[in-house]
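Chemist: Take a look at the letters that make up each chain.
There are 2 protein chains.
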Amino acid sequence: MKVAFQGESGAYSEQAVFNYFGTVDTKPCESFDAVFDSVVGDACDFGLIPIENSLAGSIHQNYDLLLRHDLHIVGEHLLRVQHCLIAWPGVKKEDIKKAISHPQALGQCAAYLRGLGIKAESVYDTAGSVKMLKESGARDTAAIASRRAAEIYGMQILEEGIEDNSENYTRFLAITKKAGEPEGEAKTSIVFTLRNQPGALFKALSVFALRDIDLTKIESRPLQGKPWEYLFYIDFIGATGEETARKALDHLGEYALMLRVLGSYPRYK
Amino acid sequence: MKVAFQGESGAYSEQAVFNYFGTVDTKPCESFDAVFDSVVGDACDFGLIPIENSLAGSIHQNYDLLLRHDLHIVGEHLLRVQHCLIAWPGVKKEDIKKAISHPQALGQCAAYLRGLGIKAESVYDTAGSVKMLKESGARDTAAIASRRAAEIYGMQILEEGIEDNSENYTRFLAITKKAGEPEGEAKTSIVFTLRNQPGALFKALSVFALRDIDLTKIESRPLQGKPWEYLFYIDFIGATGEETARKALDHLGEYALMLRVLGSYPRYK
Chain A
24 MKVAFQGESG
34 AYSEQAVFNY
44 FGTVDTKPCE
54 SFDAVFDSVV
64 GDACDFGLIP
74 IENSLAGSIH
84 QNYDLLLRHD
94 LHIVGEHLLR
104 VQHCLIAWPG
114 VKKEDIKKAI
124 SHPQALGQCA
134 AYLRGLGIKA
144 ESVYDTAGSV
154 KMLKESGARD
164 TAAIASRRAA
174 EIYGMQILEE
184 GIEDNSENYT
194 RFLAITKKAG
204 EPEGEAKTSI
214 VFTLRNQPGA
224 LFKALSVFAL
234 RDIDLTKIES
244 RPLQGKPWEY
254 LFYIDFIGAT
264 GEETARKALD
274 HLGEYALMLR
284 VLGSYPRYK
Chain B
24 MKVAFQGESG
34 AYSEQAVFNY
44 FGTVDTKPCE
54 SFDAVFDSVV
64 GDACDFGLIP
74 IENSLAGSIH
84 QNYDLLLRHD
94 LHIVGEHLLR
104 VQHCLIAWPG
114 VKKEDIKKAI
124 SHPQALGQCA
134 AYLRGLGIKA
144 ESVYDTAGSV
154 KMLKESGARD
164 TAAIASRRAA
174 EIYGMQILEE
184 GIEDNSENYT
194 RFLAITKKAG
204 EPEGEAKTSI
214 VFTLRNQPGA
224 LFKALSVFAL
234 RDIDLTKIES
244 RPLQGKPWEY
254 LFYIDFIGAT
264 GEETARKALD
274 HLGEYALMLR
284 VLGSYPRYK
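Order-wise, the sequence lines are chains A and B. So for the first sequence, this note's numbering puts the first residue at 24; every next one is plus one. So for the second sequence, this note's numbering puts the first residue at 24; every next one is plus one.
Hints should not be assumed to be uniformly reliable.
Heads up, the list lumps identical chains together, so a pair's fine if it works in one copy or across two of them.
Unchecked claim - Result set (DSS-like, lysine-lysine): computed pairs, CA atoms no more than 25 Å apart in a straight line:
| hint | residue 1 | residue 2 |
| --- | --- | --- |
| 1 | Lys-270 | Lys-154 |
| 2 | Lys-249 | Lys-292 |
| 3 | Lys-200 | Lys-226 |
| 4 | Lys-270 | Lys-226 |
| 5 | Lys-50 | Lys-154 |
The set of hints was computed from the structure by calculation and includes no laboratory data.
One chain only, chain A, in its complex shape:
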């Protein structure tokens, strides 16, 4: 089995792949587009994409890609993000003048870096920053990335868990060509559009509220070519194989101009 993820070896996404799928082959991809293409073109059986971070919010590009591709969501995984301060072996913390990493990781460690008087410099990727550090040989620079990235490149971890807010989780979705039929507690992800008129979203949400179906997420994205109209993405508790969920979706179909089920999958516990 082979699973595509975005980033270099040692990326948080690769850690999530191993946590979720166990021991599998992985394919590092340059972009989220490439992850989807790897699954569509059969180079990989699955892709694992980040969809939301508990601090930074949704990864909107992946919402747009889910709509553009005919793939199914078959699982979700939550990864606690713990950043490490990583340097060449033998380097001490007081030698560090500069930290390099992806802007989001730098932002999540901003107070920690300020406290140590370390300057931040953005690069394209977290695991990539460790690779760059290895290649440069710099002894006044640290990378911020996962424990695994440090291990892969034979670098030293000066400190682990340097994120300012420990409630830092990323939610990942497993995507593949064949829809799943989850048993036990499940979630379903859908996308739909509505007529642009007063009360439209209220009516759409009524199909869930009137059946006591719990929504776990709502997200809006611009509808291309129709300024200030939106696509809505909703996650709810339940599976399309259950009667209540099926009736709710039939009911939503009466109001929606477009409605697509992106997948039903076991809820992460």
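Guided by the hints, dock chain B onto chain A, whose structure is given.
Modeler: Then chain B, alone, in the frame of chain A:
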């Protein structure tokens, strides 16, 4: 009167300032944070911030900054974004091998650039890319930015309106210290949190739907420190000075754990 905006002189945001406020002094700021700080610290009377693009979606950082600062939204403006291909005077289109600009502008002209076989390279800012082109003297490189940016730096416009999708608008919000009292057709922006329970958002939207109040936007953002709980931002037609809107907000107050009015302001026509 002095108005803060994010970007270099010639940025689309500065064009929006002149369109909305007329002839005023402007203060270019490095970051959106700096725009808010300029207004809070009285260096500027107003700030003008982009909140949403019709193709790319919301600028979430500005939603977060509206919550963190005690400023009021007093106006909105829509700017049609028209990108120009900009080069040194005398350079011909067929000389161009590379285009530099902000990643979002490059993305919005991707098909156009592909058609001409021009490579794209990301830099920090649209107007900044024209400044960089001027300083480098490169004759095989074009910048992608506004007409005004080309004029400010004395560069040549090779082609105007090169965006792939002409329905490219950015919505801006004017922010200041004192709340407005709009007359005529108005919009109101609010932010609130709800109990995390089934039907909570449905009840919240009912206060508008039951009064035939039209929502124009809903946006969710993560609630810091409470993974998978959300802040909701809503724009609706109406002003807090009108009885129906005031009753709807009182009603919402019965369900909301937190509710704040960010401002009522004249609707853009």
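Chemist: Now, for every hint given, state plainly whether the structure supports it.
Modeler: Here is what the structure says about each hint:
For the identical chains of this complex, Lys-270 and Lys-154 are neighbours neither inside a copy (51 Å) nor across copies (58 Å), given an alpha-carbon limit of 25 Å. In this assembly of identical chains, the alpha carbons of Lys-249 and Lys-292 lie at most 25 Å apart only when taken from different copies (17 Å versus 39 Å within one copy). In this homomeric assembly, Lys-200 and Lys-226 never come within 25 Å of each other (Cα to Cα): the closest approach is 32 Å inside a single copy and 37 Å across copies. With identical chains, the CA atoms of Lys-270 and Lys-226 are at most 25 Å apart both within one copy (15 Å) and between copies (21 Å).
In the homo-oligomer, the alpha carbons of Lys-50 and Lys-154 lie at most 25 Å apart inside one protomer (17 Å), although the nearest pairing across protomers, at 39 Å, exceeds that limit.
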